[in-house]
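Colleague: Letter by letter, the chains look like this.
Number of protein chains: 2
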Amino acid sequence: MSTSKLTSISELGEFGLIDRLTADLKPKNLSTVLGVGDDAAVLKTDSGKYTLVSKDLLVEGVHFDMVYSPLKHIGYKSAVVNFSDMAAMNGVPKQMVVGMAISSKFSVEAIEEIYEGMKKACEVYGVDFVGGDTTSSLHGLFISVTVIGEVEESRITYRKGAQPNDLLCVTGDLGGAYMGLLVLEREKQGFKANPNIQPDMAGKEYILQRQLKPEPRTDVVKKLVENDIIPTSMIDISDGLASEAIHLANSSEVGVAIYEEKIPIDQNTFDTAGEFKIVPAVAALNGGEDYELLFTVKQDDFEKISNVEGVTIIGYITDASEGNRLITSGNQVIELKAQGWDGLKK
Amino acid sequence: MSTSKLTSISELGEFGLIDRLTADLKPKNLSTVLGVGDDAAVLKTDSGKYTLVSKDLLVEGVHFDMVYSPLKHIGYKSAVVNFSDMAAMNGVPKQMVVGMAISSKFSVEAIEEIYEGMKKACEVYGVDFVGGDTTSSLHGLFISVTVIGEVEESRITYRKGAQPNDLLCVTGDLGGAYMGLLVLEREKQGFKANPNIQPDMAGKEYILQRQLKPEPRTDVVKKLVENDIIPTSMIDISDGLASEAIHLANSSEVGVAIYEEKIPIDQNTFDTAGEFKIVPAVAALNGGEDYELLFTVKQDDFEKISNVEGVTIIGYITDASEGNRLITSGNQVIELKAQGWDGLKK
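Heads up: the protein sequence lines correspond to chains A and B, in order. Numbering-wise, the first sequence is residues 0 to 345 according to numbering that gives the first Met the number 0. Numbering-wise, the second sequence is residues 0 to 345 according to numbering that gives the first Met the number 0.
Chain A on its own, in the form it takes in the complex:
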């Protein structure tokens, strides 16, 4: 973003701003009949499919920090966290509608950067950006994203549906986004103390990307089709693994058992956890924002799921009476508890 000549939002006005932001949005999905420019976007769904709707509200100072989050990444992330919800229903994102409330401290160029990130996410994941709305806020930036997706009726996967003896699986690796956040917070404190200091991010690329530019696992949804697997239940990991596993278990009215040593953790996450004197599994269990998928499959699907690259079996489902348990690396059995990221809780 050039900072040489910034345009104030008041120069364009609301309609002018929206026109500028949405001028290059061209629908690509067959189900998108009309995008921006009218009172509502217009979609058409084939029969035999379900329409999915998810919504997220991202708040400056709560969900992102303007000090260390590049604007484009804020836009990208606000889009893909909703694409992740589509994946968690075993579906794919198709359309996106965005609302932003903007305080006067933002320039038009800053808002365009955020939109650029959103457009990039839509491009990467084949989503049509079909509605944009901006309004003013007195304090801070608020981004509201609604994503519409679809899934074949026969493949929809809810949080409920896990049965005792099902295998508990997770995609990718966990805890990285949280370690990335800790590094960013550390550098922010250092920068506050001494603005001339150069941030020390060398070797942290992976965990920083996990925090700033997460990728939703729509690829796993495709692999499940290819391998003829329909999970019995699924959720995405936006809070920590512990919180999501308990969510899944409660929705399915079952218990869950997780082997600590099976939890997939990247070397970069592991090493950084060491620096911060945090047990790596704790970062995975209680950190958040990994946007991996947590799901269950029937035991009969063991071989099929073992063939899917990037999926790890970390535990199994039990009767509800057995509760939710963590089997530690030392073979102790302890109650699985959600510390989570419950922002509104003390």
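Do not rely on the hints blindly, as some may be mistaken.
What the hints assert, rightly or not - Derived pair list, reagent style EDC-like, types lysine to aspartate or glutamate, alpha-carbon separation capped at 20 angstroms:
1) B/K48 with A/D45
2) A/K43 with B/E151
3) A/K48 with B/E152
4) A/K25 with A/E111
5) A/K48 with B/D45
6) A/K159 with B/D18
7) A/K27 with A/E122
8) A/K43 with A/E151
9) A/K261 with A/E308
10) B/K48 with A/E152
11) B/K222 with B/E308
12) A/K221 with A/E302
13) A/K212 with A/E115
14) A/K119 with A/D18
15) A/K187 with A/D64
16) B/K336 with B/E260
17) B/K212 with B/E186
18) B/K119 with B/D18
19) A/K43 with B/E152
20) A/K25 with A/E122
21) A/K48 with B/E151
22) B/K43 with A/D45
23) B/K222 with B/E302
24) B/K261 with B/E302
25) B/K48 with A/E151
26) A/K297 with A/E321
27) B/K43 with A/E151
28) B/K222 with B/E152
29) A/K203 with A/D64
30) A/K336 with B/E10
31) A/K119 with A/D132
32) B/K27 with B/E122
33) B/K187 with B/D199
34) B/K159 with A/D18
35) B/K336 with A/E10
36) B/K43 with A/E152
37) A/K48 with A/E225
38) A/K43 with B/D45
Simulated from the structure, these hints should not be mistaken for laboratory data.
Please build the complex by placing chain B on the supplied structure of chain A, with the hints as guidance.
Modeller: Okay, now just chain B, sitting in the frame of chain A:
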């Protein structure tokens, strides 16, 4: 709302708050497969119909003022302004998803009041409330509402589509919401000056309701079906009549001519405009938030549309070369200009 014992949001936490707010939401529409409780709501659309999506972001201090807006009305209004968008596409609202960012100054009971208003709106207009999400904000209250609707493919009505010689029609009456706002602002100033003063709202019930509890014209959508009319273009009046008429004309690449004396204005609006020394037509042209429908029909439909109660023909469509014109009560022809409500413009 009883103020005897208020619950802080931190007592419940985010999940607890959402559970409490959404416990009584029961889907009614056949197209709603699943509402709250999973990663996304699940909808199913019949073939032969289009799905409509609209979104609005309401910001405390910008779109509503907590001093004079009852919480229930804030909830009601934030829902129905989106139902109005569905009507403006000649469709009906079916599902609603809500996100709220809440600062710690709000109690759980306050949030429940807002939800009560939203639920009431859903009940009145037959809409399923299928998703709710709350998060924290550092300052103020932000409400993001997404509404999903449907319309038969053959009946969808866009902003574009008006042709020269079409009749320009409006539902209900205009300017009332703006006059209601002026009364509320006046009383707020009076209250600030002397908190013991009793607000003087007698005789203002109609315009106050127009401002605080607008009703979307989904009834008109039904009447258009009954009278076998498909408008050639349509928009809802959230900004002033002038702004929306120009919007319609620009989208359709035509000109518009409006007769000032034909603009429908309620007696209560007319009288209050007099008190404020405002020309009533100016309140209708440049005030906003009436949420009536502005639409065009072919001249051949003149008799049919004349039979629809509550619809007024206020002008006609011309070639684009003739521009957008207002024919004043004194028979002067002046250019129609949008003062509007462009909140982001200086």
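Colleague: Confirm or reject each hint.
Modeller: Do the hints match the structure? See the list:
Between B/K48 and A/D45, the direct Cα distance comes to roughly 10 angstroms. Compliance with the 20 angstroms bound is thereby established for this hinted pair. Between A/K43 and B/E151, the direct Cα distance comes to roughly 11 angstroms. Compliance with the 20 angstroms bound is thereby established for this hinted pair. A C-alpha spacing of about 18 angstroms is found between A/K48 and B/E152, which places the hinted pair at or below 20 angstroms, so the restraint holds. Under the criterion of a C-alpha separation no larger than 20 angstroms, the hint pairing A/K25 with A/E111 is consistent with the structure, at around 17 angstroms.
Our distance criterion of 20 angstroms between C-alpha atoms is met by A/K48 and B/D45, whose separation comes to about 10 angstroms. The hinted pair formed by A/K159 and B/D18 meets the criterion: a straight-line CA distance of about 16 angstroms does not exceed 20 angstroms. At most 20 angstroms may separate the alpha-carbon atoms for a hinted pair to count; A/K27 and A/E122 meet this at roughly 10 angstroms. Distance check on the hinted pair: A/K43 and A/E151 sit about 14 angstroms apart at the alpha-carbon level, within 20 angstroms; holds.
With a CA separation close to 15 angstroms, the supplied pair A/K261 and A/E308 stays within the 20 angstroms bound. For the suggested pair B/K48 and A/E152, the alpha carbons sit about 18 angstroms apart, so the restraint of at most 20 angstroms is met. Annotation: proposed proximity of B/K222 to B/E308 holds, straight-line Cα distance about 9 angstroms (limit 20 angstroms). Proximity of A/K221 to A/E302 is assessed by CA-CA distance (about 17 angstroms); at most 20 angstroms being required, the pair is judged to hold.
Proximity of A/K212 to A/E115 is assessed by CA-CA distance (about 14 angstroms); at most 20 angstroms being required, the pair is judged to hold. With a C-alpha separation of about 18 angstroms, the suggested pairing of A/K119 with A/D18 holds against the 20 angstroms cut-off. Using a Cα cut-off of 20 angstroms, the hinted pair A/K187 and A/D64 holds, with the two alpha carbons roughly 10 angstroms apart. Taking the CA atoms of B/K336 and B/E260, the gap is near 17 angstroms; set against the 20 angstroms cutoff, the hint holds.
Our distance criterion of 20 angstroms between C-alpha atoms is met by B/K212 and B/E186, whose separation comes to about 18 angstroms. With a CA separation close to 18 angstroms, the supplied pair B/K119 and B/D18 stays within the 20 angstroms bound. Distance hint between A/K43 and B/E152 is fulfilled; the C-alpha atoms sit about 9 angstroms from each other, no more than 20 angstroms. Between A/K25 and A/E122 the CA atoms are separated by roughly 11 angstroms; this keeps the pair inside 20 angstroms, and the hint holds.
Proximity of A/K48 to B/E151 is assessed by CA-CA distance (about 18 angstroms); at most 20 angstroms being required, the pair is judged to hold. Under the criterion of a C-alpha separation no larger than 20 angstroms, the hint pairing B/K43 with A/D45 is consistent with the structure, at around 9 angstroms. At roughly 14 angstroms between alpha-carbon atoms, B/K222 and B/E302 fall within 20 angstroms of each other, so this suggested pair holds. Taking the CA atoms of B/K261 and B/E302, the gap is about 18 angstroms. The hint holds against a cut of 20 angstroms.
Of the pairs offered as hints, the one joining B/K48 and A/E151 holds, with about 18 angstroms between alpha carbons and a cut-off of 20 angstroms not exceeded. Restraint check for A/K297 and A/E321: the C-alpha separation of about 19 angstroms stays at or below 20 angstroms, so the hint holds. Pair hint B/K43 plus A/E151 holds up; C-alpha atoms about 11 angstroms apart against a cutoff of 20 angstroms. This hinted pair checks out: B/K222 and B/E152 have alpha carbons roughly 18 angstroms apart, not beyond 20 angstroms.
Restraint check for A/K203 and A/D64: the C-alpha separation of about 19 angstroms stays at or below 20 angstroms, so the hint holds. At roughly 18 angstroms between alpha-carbon atoms, A/K336 and B/E10 fall within 20 angstroms of each other, so this suggested pair holds. This hinted pair checks out: A/K119 and A/D132 have alpha carbons roughly 18 angstroms apart, not beyond 20 angstroms. Proposed proximity of B/K27 and B/E122 is supported: the alpha carbons are some 10 angstroms apart, at most 20 angstroms.
Restraint check for B/K187 and B/D199: satisfied, since their Cα atoms lie roughly 11 angstroms apart, inside the 20 angstroms limit. With a C-alpha separation of about 16 angstroms, the suggested pair B/K159 and A/D18 falls inside the 20 angstroms cut-off, and the hint holds. With a C-alpha separation of about 18 angstroms, the suggested pair B/K336 and A/E10 falls inside the 20 angstroms cut-off, and the hint holds. Restraint check for B/K43 and A/E152: satisfied, since their Cα atoms lie roughly 9 angstroms apart, inside the 20 angstroms limit.
Simply put, A/K48 and A/E225 have alpha-carbon atoms about 18 angstroms apart, close enough for the 20 angstroms limit, and the pair holds. Taken as a hint, the A/K43 and B/D45 pair is honoured in the structure, with Cα atoms around 9 angstroms apart against an allowance of 20 angstroms.
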